[in-house]
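Top line first, the protein sequences correspond to chains A and B. As numbered in this note's numbering, residues 1 to 155 make up the first sequence, in order. As numbered in this note's numbering, residues 1001 to 1201 make up the second sequence, in order.
No lab work stands behind these hints: they were computed from the structure. A couple of the hints might just be wrong.
Pulled from the structure, derived: some chain B residues nowhere near chain A, Cβ distances all over 10 Å [unchecked claim]:
#1 Trp1007
#2 Pro1033
#3 Ile1060
#4 Gly1083
#5 Lys1106
#6 Arg1147
#7 Leu1180
#8 Ile1182
Between beta-carbon pairs, the in silico distance windows are [unchecked claim]:
#9 A:Glu96 with B:Ile1182: 41 to 51 Å
#10 B:Asp1032 with A:Glu96: 46 to 56 Å
#11 A:Lys105 with B:Ser1102: 15 to 25 Å
Taking lysine to aspartate or glutamate pairs in the EDC-like style, the calculated list, with each CA pair at most 16 Å apart, reads [to be verified]:
#12 B:Lys1039 with A:Asp91
#13 A:Lys135 with A:Asp91
#14 A:Lys123 with B:Asp1103
#15 A:Lys123 with B:Glu1197
Note that the Cβ used here is the ideal one computed from N, Cα and C, for glycine as well.
For reference, the chains in residue letters:
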Amino acid sequence: MSRAKYKIISLGFLGIIILLMLATSAGAEEIVIGSVRNVKGAAFLVRNKQIIPAKPNQQIMLNDILRTGPDGSLGVILRDDTVLSLGPNSDFSLDEFAFSPVEDKLSLVGKMTRGTATFLTGKIGQMRPEAVRVKTPNGTIGVRGTQFLVQVNDQ
Amino acid sequence: MGKRAVWLGLVLVWLALLAGCSPGSVVVLIPDPNGKVGKLTVSNQGGSQVLEKSGQAIFIRDAQTPPEAPVVMEQAEIQKRFGPALAARPSPPVHFILYFFSDSTKLVKSSKALLPQVISAIKQRVSVDVSVVGHCDTTGGDIYNLRLSQRRAMAVAKILTASGVDRKTLEITSHGKRRLLIPTADNVREPRNRRVEVTVR
């Protein structure tokens, strides 16, 4: 193979990879995984590093981080009927959320880095309890139902 | 002497800060709205513990130290720690089941009568996340039923949007005869399986 040909082919591959990456990242932003129900005081969604003030009846997207300030609280419902709420000074990220029984894709992995939260499992927890986990900096909670509270103090 | 006193003071302040911050996590198991108590496992590099009684709490100091044995947390202490988070809990989603005539996208009379309640629930909650999920009984083939359940879901979606519900807030899916409400053998007519389930969040 000539060097020029090789160059063209490798450039082509690079282009395809970039296009695929763009397509998947664009797709990821579109996935609705729930909605904001209750907001009090300072409460935000952090989306692609942008801090958006949370409003009632606002859709929540995959990979959003839920955040509250000193006087804030936030209540949300996820698409599998999981009910989640945060007290003041809290951060909760939804690292994994898949609820598609048709494709047999079920998982919910959350990460609580500070503050207080309540968690009530939904359909993912009913269908596949081992797929639901909440991580804290100190350990992982495996959830076999149904309602629990987590507090993470500043590390 | 003076230097030593300063050092001692600094160490004491540091210890007090540590105690005040009390780093680590606390996990508390409480009953769900129906009074049912579930089960949690809490694990880290040090080991794991199980919570299975109402009000049980586990303290975890850090990622290496094993989680402490469960202790019961008093209601007053739960309120003190989690009051604002508990007060922020949304009311749980509302569920409706609408039934259809055999091999049809026509709603039975009692389900048609339920539609105003579905619409008012969406409007009252100002919901932006409504699931519309179509299902069939086991009469007929898999592919045929997938299509039929999709047509049923679309029929309900059409009624909702005609009443002013925003199409963007609807998540429309269909499961054919794969998720039966009433388990039956294949090719069994079962009116309760011919349905669309609407969840208003």
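Comparing the hints with the structure gives:
1. Trp1007: 25 Å, holds
2. Pro1033: Nearest chain A Cβ is 8 Å from B:Pro1033, so the label is violated.
3. Ile1060: 4 Å, violated
4. Gly1083: The assertion about B:Gly1083 is violated, with a minimum of 7 Å to chain A.
5. Lys1106: 25 Å, holds
6. Arg1147: 14 Å, holds
7. Leu1180: Its Cβ never comes within 10 Å of chain A, the nearest being 13 Å, so this holds.
8. Ile1182: Correct as stated: the minimum Cβ-Cβ distance to chain A is 18 Å, above 10 Å.
9. A:Glu96 with B:Ile1182: 41 to 51 Å: 33 Å, violated
10. B:Asp1032 with A:Glu96: 46 to 56 Å: At 23 Å between Cβs, range violated.
11. A:Lys105 with B:Ser1102: 15 to 25 Å: Since the Cβ atoms of A:Lys105 and B:Ser1102 sit about 32 Å apart, the hinted range of 15 to 25 Å is violated.
12. B:Lys1039 with A:Asp91: The given pair, whose Cα atoms are some 24 Å apart, is violated under the 16 Å limit.
13. A:Lys135 with A:Asp91: With a Cα-Cα distance of about 12 Å, the restraint between A:Lys135 and A:Asp91 holds, given a limit of 16 Å.
14. A:Lys123 with B:Asp1103: 28 Å, violated
15. A:Lys123 with B:Glu1197: Cα-Cα ~14 Å, so holds.
This entry does not satisfy hints 2, 3, 4, 9, 10, 11, 12 and 14, going by the numbered hints stated previously.
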